[in-house]
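Chemist: Residue numbers (this note's numbering), protein chains in the order written: chain A, 1 to 354; chain B, 1 to 291; chain C, 1 to 275.
Simulated from the structure, these hints should not be mistaken for lab results. Treat the hints with care, as some may be off.
Each computed SDA-like pair below joins lysine to any residue, with the alpha-carbon atoms no more than 25 Å apart [claimed, not checked]:
1) A/Lys310 <-> A/Arg244
2) B/Lys285 <-> B/Arg169
3) A/Lys124 <-> A/Glu212
4) A/Lys310 <-> B/Thr112
5) B/Lys285 <-> B/Gly86
6) A/Lys124 <-> C/Gln28
7) A/Lys310 <-> A/Trp343
8) B/Lys285 <-> C/Leu106
9) A/Lys124 <-> A/Asp206
10) A/Lys310 <-> B/Asp214
11) A/Lys169 <-> A/Ala183
12) A/Lys310 <-> B/Val219
13) A/Lys124 <-> B/Val276
14) A/Lys124 <-> B/Thr112
15) A/Lys124 <-> B/Gly237
16) B/Lys285 <-> A/Asp206
Residues from chain B that face chain A, not an exhaustive set, calculated with beta carbons under 8 Å [claimed, not checked]:
17) Leu32
18) Pro83
19) Met84
20) Val95
21) Thr98
22) Leu102
23) Ala105
24) Val108
25) Leu109
26) Phe143
27) Leu151
28) Leu155
29) Leu159
30) Leu268
31) Leu270
32) Leu271
Pairwise CB distance ranges, derived in the manner of DEER restraints [what the hints assert, rightly or not]:
33) C/Arg84 <-> A/Arg244: 53 to 59 Å
34) A/Val214 <-> C/Arg84: 38 to 44 Å
35) B/Pro163 <-> C/Gln134: 17 to 23 Å
Keep in mind the model is a prediction, meaning the values are calculated, not measured. Backbone N, C-alpha and C define an ideal beta-carbon position, used for all residues, glycine too.
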Amino acid sequence: MRGGGYFKTTYAADLALVDTRLRRRALAALVFLLLVLPRVASPFILDLVAQTALAAVGALALNVLTGLAGQISLGHAGFIAAGAFTTGLLVENGLRSPLIALPAAAVVGAALGIVVGIPALRLKGLYLALGTLALHHVVLYACAEFQNHWGANTGVSVPPPALGPWVLKGVVAWYYALTLAAALTLALSVNLRRSRAGRAWMAIRDREIAAESVGIDVARYKVLAFVWSSAITAVAGALFAYHRAFVSVEAFGFFLAVEYIAMIIIGGLGSALGAVLGAAFVTLLPHVLDAMVAGLRLAGGAAYYLFPLKFGAFGLLMAVFLLFEPQGLVGIWRRVRNWFALWPLRYRPLRSAS
Amino acid sequence: MTQVLATTVVVASLYALLAAGYVLVYRATRVLNLAQGDMMTLGGYFLFLVATAAPGEPARAIAGAAALSALAGFLIYRLLMRPMAGHPIFAAVLVTVTLGILLRAAIVLVYTDRIRHPLGLLGLANPARPLIGGAVVSTFDLFTVGAAAALFAALFLFLRFSPLGIQMRAAGEKPLLASQRGINFHLVFALSWALAGFAGALAGILYANNVRLDPSLGVLGLKAFAVALVGGLDSLGGVVPGALIVALVEVLSVRYGDPLLADVSPFLCLLAMLLVRPWGLYGTKEELERV
Amino acid sequence: MTSFFELTPSLELENLEVVYHHVATAIQGVSLRVMPGSIVTLLGTNGAGKTTTLRAISGFLGADNAQIVGGRVLFLGQPVTGRRPHELVRRGLVLVPERDKVFETLTVQENLRALVPGWRAWRGADRPRIRLDQVFEYFPLLADRRRQLAGYLSGGERQMLALATALLCRPAVLLVDELSLGLAPAVIERLMILVARLRDELGLAVLLVEQNAGAALAVADYGYVMEHGRIVYDGPRDRLLAHADVREFYLGVGHRAGRKSYTDVKQYRRRRRWF
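So that you can see chain A by itself, here it is in the shape it has in the complex (with noise of 0.2 Å):
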């Protein structure tokens, strides 16, 4: 929602992402403190942003599926997984480049994404959920088998990725190739948003007889959101193996799909702003209530009860968005700016329906 008194007097206004100055101005700031963010910054800040990164890339992902086109994935961490070992399995037999690897995760996801999409049409809602949920079990059982088969037990090493000369490493160069990256998937999911098959996929999302009674071919687009979000997931894998360094099953965990659902639900779903929002507050809540523990430096017994602690913290959290504030972080966003765009003349909000 914007003020009063603020028209588009053209189509090229209408179709311009960045809209008015204040929003120029603001993304120029916002694009200056990342670039000189290393130079002051510790590298441990510049890990948490990078991390913050990778992770939104993820965020993005699953709320194209989910946010956007209304299908409901429990299976996130599956394609990440798909991807990671694509990147793992390339590796292993000698095609180091990621310039190989990352094409090759987007195109495994995407395969996998039309393997899942399809028997996916016939189900809805719950039913979705638990089959995606069943299919990151079987993701994960092959990874398994595969992670037995090739490499140690333990998992997969994964070289710094290498362009000729050039090798990505160090912190700050993970910073700028992962804070990028994150860049590119805002920029296509806010586009994705945009196109026809955004418009087909969120009028598939709000009403499915609806959508279809316009002409809109559901099953088709339903796939195509499955093919997008996880050739995009993919690729997240496949660089969440690149920064780590190494690839192993116990990483991506039926906890590591609920971290990306609570990303997006925390930060609201269906705004790519607000799967940025999320997965900046998921991938830091941890490091804050590790400070906070470090503030409070307890005896050396508390320490054993930081893990189960930061993860009831997570539960918390999560439960109390869901259950008072369903919009998200970027609900609290929109209500702020509203508050501010429209004092001192403020009006108690309508509810909306249901």
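Add chains B and C to chain A, keeping to what the hints say.
Modeler: Chains B and C only, in chain A's frame:
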């Protein structure tokens, strides 16, 4: 061969106890409780709690643990699930996921993640029993089968003949109409959660005595939802064949495949069922459209 | 014997106002009373606010994000505004809903058991004690079908089952939403006669909310006409039957040909609102 059959029946009984919880909650509130496995763990730890407080009294400990679990189920509905009324069902399902996380974290906080064996605390033994045909099962295996049979018989009688059971089915079908008939459907739903907690606790108590107790038992719950789906999410009767099929496939894949395959086999059953007959063996087709 | 006006009404609405989504006024200043042992009908077309009125009485507004912003509901002389639905039923204010009126996955017999008739303290003398065999006397058809799933019943049979279960809730006041909806005229007539029998034999007070004015006025003692969320006319049955507007717009027996709806001829003064 008889050993395979015996093991299948035992595993199926455990799954059936858990799956009964899924179906009860689903039939009443249309929510799939993904924390059912962790409620089972909770039941096991309640047993441990009661047993440490009063060691050597198995009957009282088991009754106490089951009662505490039922109470926990009731409170979970009251505090977490009831505020979700009117929200999308998937959000409610996610709340159950977070419930599972919270339960697991709480258990680790209180009891650490060490493996426990409440059997000794209760002063019980679990000797092996040879059956006809050369199969061997443990005593608690037999108890598991007995408990599952008893629970299903009791649930059948309760839902078919008792006024409260009929009200529970009615409220599950149309909560609004139920409240127009004087039924407090929130209370009835809370009762179905309590029953699910009870069924899960039975599974947890038996498993804790039979095998072990640790905070990650909840994984079994994920396998049991495959059972509930294969049988049909809205069919309590479907749980029995569903459990037998899933257990048989799992036992066979342990025997002829590898343990990794066995772990994933319930999900393969689930996927196969979703492809062929998404509403499950005994479920109703309309259920697919409702969610 | 006390006079008509000194009796406590079984159900009384005082200036009830309901607002949807905090902004849209659905009913304004609706007042009506239902006397013990009488059938009162609330007539009106689609969207007149009849169902909203019923929902306000029976405590169902919350589900639609609506709320009572003014006035009150008195049941047997006691205010019950905003009570929860199941509580009202246990006190004896029972609704037969417009649709979704039977549990389709339960048998007829189970439908007749899926209810809570309320606590002893609330079962006063003015609530008839109705037993299952009495219900089968009123609805002999249900006795034959008691083992059948309610989902397989026809529309008329469903309506009978809904009335029967409502009776078993031991109502002091029966609210009936669109008894005639989707039923054949012959069936409607039989059902209306049944409702009249319930009044005469059990002393029930009934609020019949109807679009089918002819069928409702055949049995009602008193009627209210609702348009645009307001009561625009009320009176005893004979006066309503004689009223020109009611005859034209609700009974379809008027003389002025070509005019189908009251909205074509009636204009209400709109209150100007500046804010």
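Chemist: Given the proposed pairing of A/Lys310 with A/Arg244, does the C-alpha separation stay at or below 25 Å?
Modeler: holds (22 Å)
Chemist: Assess, step by step, whether the Cα of A/Lys310 is no farther than 25 Å from the Cα of B/Thr112, and give holds or violated.
Modeler: The given pair, whose Cα atoms are some 14 Å apart, holds under the 25 Å limit.
Chemist: Next pair to validate is A/Lys310 with A/Trp343; report whether the Cα-Cα distance is within 25 Å.
Modeler: Distance of about 39 Å is beyond 25 Å: violated.
Chemist: So, B/Val95 near chain A? Judge it on the closest CB pair being under 8 Å.
Modeler: Because about 5 Å separates B/Val95 from the closest Cβ in chain A, which is inside the 8 Å limit, the hint holds.
Chemist: Please work out if A/Lys310 and B/Asp214 have their alpha carbons no farther apart than 25 Å.
Modeler: holds (19 Å)
Chemist: Was the hint right that B/Phe143 lines chain A, CB cutoff 8 Å?
Modeler: violated (29 Å)
Chemist: Does the structure keep A/Lys124 and A/Asp206 at a Cα separation of 25 Å or less?
Modeler: The hint holds at about 13 Å.
Chemist: With a cut-off of 8 Å, does the beta carbon of B/Ala105 approach a beta carbon of chain A closely enough for the hint to hold?
Modeler: At 3 Å from the nearest chain A Cβ, B/Ala105 passes the 8 Å test, so the hint holds.
Chemist: Measure nothing beyond the straight line between the CA atoms of A/Lys169 and A/Ala183; if it is 25 Å or shorter, mark the hint as holding.
Modeler: holds (20 Å)
Chemist: Does B/Arg169 lie within 25 Å of B/Lys285 when you go C-alpha to C-alpha?
Modeler: At roughly 18 Å apart (the allowed maximum being 25 Å), B/Arg169 and B/Lys285 satisfy the hint.
Chemist: Should the hint that B/Leu159 touches chain A count as held when the rule is a Cβ pair under 8 Å?
Modeler: This interface hint is violated because 22 Å lies over the 8 Å limit.
Chemist: Under 8 Å is the threshold here; is the Cβ of B/Leu155 close enough to any Cβ of chain A for the hint to stand?
Modeler: Hint violated; B/Leu155 Cβ to chain A Cβ min 22 Å, cut 8 Å.
Checked against the numbered hints listed earlier, the structure breaks hints 6, 7, 14, 26, 27, 28 and 29; every other hint is satisfied.
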